[in-house]
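Protein chains: 2
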Amino acid sequence: MTQKHNIILQPSGSRGQVEEGMSVRSAARELGVDIESICAENATCGKCMVLIEEGRFEKYNIESKRENVSPVSADEAAYFSRRPKLLKDKGWEVGQVRLSCQCKIHGDVLINVPEESRGNKQIVRKTASNREIEIKPSIRKYLVTMSPPNLERPIADWERLAKGIETSMQLVRGADAKVPRWYELDIDYQCLRGLSKTLRDSKWNVTVSVWQDKEVIEVQAGYVEDSYGAAVDIGSTTVALYLCNLRTGEVLASESEMNPQIVYGEDVMSRIQYSIEHPDGLEKLHKAIISTLNKLLKQAVKTVNEKLNETFGLDTGETSTRLTRPASIKVEEILEMVLVGNSTMHHVLLNLHPKDLGLAPFVPTIHKSMDIKARELGIHINSSGNIHVLPTIASFVGADTSAMILAEEPHKQDENWLLIDVGTNAELILGNRKRLVCTSTPTGPALEGAHVEYGMRAAPGAIERVQIDESTFEPKYKIVGEDDWNKGKAKGICGSAIIDAVAELFRAGIVDSRGKFKKELSTKRVRQGEKGWEYVIAWAEETSIGRDIPMTQQDVRQIQLAKAALFTASRTLLKRSGLQDPDKVILAGGFGSYIDKEKAMLIGLIPDCDLKNVYAVGNAAGDGARIALLNVEKRNEIDAVTRKVERFELPTDPEFQNQFMLATSFPHMSEPFPHIAHLIPNRVVDPMAKNFMK
Amino acid sequence: MTQKHNIILQPSGSRGQVEEGMSVRSAARELGVDIESICAENATCGKCMVLIEEGRFEKYNIESKRENVSPVSADEAAYFSRRPKLLKDKGWEVGQVRLSCQCKIHGDVLINVPEESRGNKQIVRKTASNREIEIKPSIRKYLVTMSPPNLERPIADWERLAKGIETSMQLVRGADAKVPRWYELDIDYQCLRGLSKTLRDSKWNVTVSVWQDKEVIEVQAGYVEDSYGAAVDIGSTTVALYLCNLRTGEVLASESEMNPQIVYGEDVMSRIQYSIEHPDGLEKLHKAIISTLNKLLKQAVKTVNEKLNETFGLDTGETSTRLTRPASIKVEEILEMVLVGNSTMHHVLLNLHPKDLGLAPFVPTIHKSMDIKARELGIHINSSGNIHVLPTIASFVGADTSAMILAEEPHKQDENWLLIDVGTNAELILGNRKRLVCTSTPTGPALEGAHVEYGMRAAPGAIERVQIDESTFEPKYKIVGEDDWNKGKAKGICGSAIIDAVAELFRAGIVDSRGKFKKELSTKRVRQGEKGWEYVIAWAEETSIGRDIPMTQQDVRQIQLAKAALFTASRTLLKRSGLQDPDKVILAGGFGSYIDKEKAMLIGLIPDCDLKNVYAVGNAAGDGARIALLNVEKRNEIDAVTRKVERFELPTDPEFQNQFMLATSFPHMSEPFPHIAHLIPNRVVDPMAKNFMK
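Protein chains in written order, with our numbering: chain A, 1 to 694; chain B, 695 to 1388.
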């Protein structure tokens, strides 16, 4: 019978008995502890470093000694001798630190697995759910060393490599893992074209990148540790790109650009219109976004390389070795891109005509996610790499909403969550693990500060907060960039302040439940302006533009329409799902992050619920894109989830118009609002609405 | 309990009881008889026509009546009313002939399934094995009729279509068939781009072409019956293309062209050399073959359309209906191409550098078969269609040999077969279902009539047969295009006559076992010519060139080298396989079809065996390409078979040179030759060879 030894793994505390002569890495796997490796146990990658701790460990009743494992091998010694800085920084000495793939067990040992060597890396996403995302990229790298061909074994280059990949995969993943047989592997045709040269130039020692465990998409000479991927959120206004390390999940650069399609139309409807009216309209829109993506890719690579230069000094062209200067990254090392965007952006990106998105019955060309070779779209990542586009749900509920679902995971909840992404158009998802329903509604640009008399973006000089005293009717306001209230010179009002202002005008009784200005109030701030009644938030002398900044009757009306649309959409979804209230409300996008949630509820922008259950989660679409980039399993998950989402078209709901009219009131007239009722002075509530205040 | 009826199906004689109200097509399937249908039982395609026979059938003890099935439906009546010519030609009347998808069973019936309606069509290949090939193309067509989208069901175009395809596949294949679920189907990206327009233009009634049961590669408006495919054999000298109907297997056009690469080198070695010496060499070779393929495709389509015009008159643009004029075919309707060729042709086609094929250790870039989108290679079939390239086996045993194996199926035999494809290079495959070994050997151009003093192609004026009287040493010869011997004016000697002449020179004792002319013979035909000794086959006055046509010592030497190489290769394979003799010898290519098998054996070109076991099978590579085009299962089969073929490199065999020298003799000096010994006069045999004659 083979001798057995006691092994303890820290920090997990896993322990057990393993056979004499087994490598530490294999032993750890047997005890359920995954240790990284990408060099197929060749003592090259150094990913599998562990520490052999010395001493008598009473708790486990063992005595651990360095002599209980095999001596440091020549390969290990060579590996560590090239990394003096690592040893110094960490305070490790060779013999204490070992490559677990090389180090064999000959006696009892206690082994410490440092953070960086542990398998199953995760990134933490801070959201309503605060969950961890496991890094499982679609692309994995393997070092493959082959014996060169000779007359006795003149097997073809690809088959030689494929057999090596099978062996390497098995070593990296462990004997039990189900890896494809060599003849089940494929190689991308364009990648194949360079294969023979790379194999010979590298002396039959290459790193391959395998996509989805089935297709080789890159073959690089020698040992290469990292690959990169890009997650992109194509907004109607802004295109944001996150360049990530596919192994660690780290975001190396975030870049954004204006969407260049804006010159063809400000919102999606006008761009669809443009594509219908101009024979080359689609082509122009498509080319514009492709060239922006290529520009962002270039910028991101430049940013990363500049950071590297700052940290390590200029690239000397040496091969990357751990903790010495990593080599500059090249755009061809970006092996995958995940894209999200609303359905119109999705279609234009894919060069699919968006016409039917804008015409009844509002039908996309495709829902399901797609993988398209980068070269087919002219996107300048590695030409064998894929562009993965997340699924669309409906004409106005696009791949960005799919990404939001992936980021927030309503489909894994027992509670019913209401997710709202507000822009010119609002998309809403409601439900839980059993059922998800969705709809969308135009909200107009008012909520984003556009088409409002003194509306502006949340830039310096913008009023971002407003309060109004309900007895004096005097306002307080806060300007972007100022720490204190009523400081600085105002230039305009941004989205969050517009909501504040409307809510405060209502709460102070300056506008009534129906949104009309009361004309008999004792304040000169309420006055008949050029375009009807208005309330002056900042007098001319307090501004940098030398003019009074008022909130007009027209502005209030715009907000009323927007919030009525959003409220009615929410209520319709709730009703269709047989629910009274959502358990949580999740606001995605920049809008959600800046508004005062209580005031939004006060004017009926979001359904009445406990304020602590309202979350703002920022750019959930971008986060979802990143999740899909870093975890390939999430792609199937979101495809399956979106297939089951039920779509409701509001115009087909007979009650919609009726509900909409009731919802234009403040807060609204259709149901109780217990969570905000206490904020509303009795005098200002509409007699009809009073029924709902109990 | 449901009522049951007795059903008899002819000509198969299948019978059984089926449930009341079942359609004839479903009933037939239950009884194991497959009836065609591609319109998803919409009474549109007419593929499922059957005849209801009337009368009392004593053998089955039933009375069959037309009244025992449902009356002719309006759809059926409409279908047949559009085809008066079909009914007249066949002598059928409506009511007797029915669409089996529409016709329901209400009583006992005897049904005749005409040939054209039977599923599982087959083509017969006449080979050594004379087997039938089932038509199972990689591409199947389905008619899909969808309800248009509306506000209640605004599902995307692709998903709407995919659901329709699932339904249609299930109907066509039968309820028990395992068809993919709609969300498992994919659509080629370029095909997707035209989807929305086609669906709307067609009023949601389209025919889709599905590749490998998984990817939609074409969507055509309305009902379309046929698709086309091309099988291509790229020879070093000639490129041959067969345009086939993918449904019926019929070859609609065969076209061939000279391989344009010939200007860069006559044989593969010189083309490899060219690609090494010129930086743009590969690009030129690659572009040349691609443009020839595109030319052949155009020609083939033209040929088919001209045939249609001759048969039916000019195309009036009407939709194809059965037995009325089919619509002209378009090159975009060619949905797949299967390509074979030697390893150099294979590499150049794929734009892979052939360098390593020509340099030791002679390694191809890839063995396995590939599917590459036509657009990636610039081949002008449907841009979403695939180019399927058969696997290579070794540097000098290419995809043409794989095709030969597929055509001849040595891997399914109990006997040991030796397959030989002779050209400038000869490829040999030996074995049976348990083991296959292969090798190749250069044979030089002599066997094809090149580099022989008066050698020429088998064109008019070429001597194709030679006999020599062993007492008078006078020859008889036959010229291509003449029915009688010694008729016509000779211009040169083609390959088959060169073998004849050498064999006859030996048999008549004019050259000895070692190939040397005997100088003391009493005939003026043997003489010292300009380039040494020679034998005059035709005197100047018998020729059209006004010069004597001799067979020279140099010519005999060339044949000796060629046949020694081929013989040694055969013997080496046999020895390595532990075999004495092959059970069958199969000669592929034009060469095998024209030579006199007995004479080939007499000079030791092919191993000694019973002559009735030597088969010439013509263009087996082209046939194999066609088989792979028409039966998708054959592609996996040949991939699996070629993975297991063992490769032998002759130069690494220590005995090769020794064997080779012995084999230059006539017939050879290495082993017995019982099957030809009786042909050889005692006096002409080398004393050393005599040992083998018993």
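Errors might be hidden in some of the hints.
[What the hints assert, rightly or not] Here are the simulated lysine-lysine pairs, DSS-like style, with alpha carbons at most 25 Å apart:
1) A:K85 <-> A:K136
2) A:K197 <-> B:K782
3) A:K644 <-> B:K1128
4) A:K373 <-> B:K1213
5) A:K90 <-> A:K4
6) A:K197 <-> B:K981
7) B:K1128 <-> B:K981
8) A:K531 <-> A:K519
9) B:K1128 <-> B:K908
10) B:K981 <-> A:K178
11) A:K355 <-> B:K1338
12) A:K214 <-> B:K1067
[To be verified] Chain A stretches covered by chain B per the calculated footprint, using a threshold of three residues with CB under 8 Å from any CB of chain B:
13) 39-48
14) 659-666
[As the list claims (entries may be wrong)] Label pairs and their in silico Cβ distance ranges:
15) B:E826 <-> A:E184: 38 to 46 Å
16) B:D1108 <-> A:E19: 55 to 63 Å
17) B:K872 <-> A:E250: 57 to 65 Å
18) B:K1128 <-> A:K214: 40 to 48 Å
19) B:G1272 <-> A:V94: 18 to 26 Å
20) B:K872 <-> A:D89: 37 to 45 Å
21) B:K891 <-> A:D484: 36 to 44 Å
22) A:E19 <-> B:E826: 52 to 60 Å
23) B:N1330 <-> A:R200: 48 to 56 Å
24) B:S841 <-> A:E250: 26 to 34 Å
It is worth saying that the hints were derived from the structure and are not from the lab. Only a predicted model underlies this, so the values are computations on that prediction, with no experimental measurement involved. Where is the CB? At the ideal position from N, CA and C, for every residue including glycine.
The hints, checked one at a time:
1. A:K85 <-> A:K136: At roughly 30 Å apart (the allowed maximum being 25 Å), K136 of chain A and K85 of chain A break the hint.
2. A:K197 <-> B:K782: 66 Å, violated
3. A:K644 <-> B:K1128: Violated: K644 of chain A and K1128 of chain B sit about 51 Å apart, past 25 Å.
4. A:K373 <-> B:K1213: Violated. K373 of chain A to K1213 of chain B sits at ~73 Å, over the 25 Å cutoff.
5. A:K90 <-> A:K4: 32 Å, violated
6. A:K197 <-> B:K981: 21 Å, holds
7. B:K1128 <-> B:K981: 41 Å, violated
8. A:K531 <-> A:K519: Holds, at roughly 15 Å.
9. B:K1128 <-> B:K908: 33 Å, violated
10. B:K981 <-> A:K178: At roughly 42 Å apart (the allowed maximum being 25 Å), K178 of chain A and K981 of chain B break the hint.
11. A:K355 <-> B:K1338: 54 Å, violated
12. A:K214 <-> B:K1067: 18 Å, holds
13. 39-48: violated (count 0)
14. 659-666: With 0 residues in contact (Cβ-Cβ under 8 Å with chain B), the coverage given for the region 659-666 of chain A is violated.
15. B:E826 <-> A:E184: 38 to 46 Å: 31 Å, violated
16. B:D1108 <-> A:E19: 55 to 63 Å: 47 Å, violated
17. B:K872 <-> A:E250: 57 to 65 Å: 44 Å, violated
18. B:K1128 <-> A:K214: 40 to 48 Å: Violated - the Cβ-Cβ distance for K1128 of chain B and K214 of chain A, about 31 Å, lies outside 40 to 48 Å.
19. B:G1272 <-> A:V94: 18 to 26 Å: Distance hint for G1272 of chain B, V94 of chain A is violated at roughly 56 Å.
20. B:K872 <-> A:D89: 37 to 45 Å: Given about 59 Å between the Cβ atoms, the range is violated.
21. B:K891 <-> A:D484: 36 to 44 Å: 60 Å, violated
22. A:E19 <-> B:E826: 52 to 60 Å: Once the Cβ atoms are compared, 57 Å apart, the range 52 to 60 Å for E826 of chain B and E19 of chain A holds.
23. B:N1330 <-> A:R200: 48 to 56 Å: 31 Å, violated
24. B:S841 <-> A:E250: 26 to 34 Å: 49 Å, violated
Checked against the numbered hints above, the structure violates hints 1, 2, 3, 4, 5, 7, 9, 10, 11, 13, 14, 15, 16, 17, 18, 19, 20, 21, 23 and 24; every other hint is satisfied.
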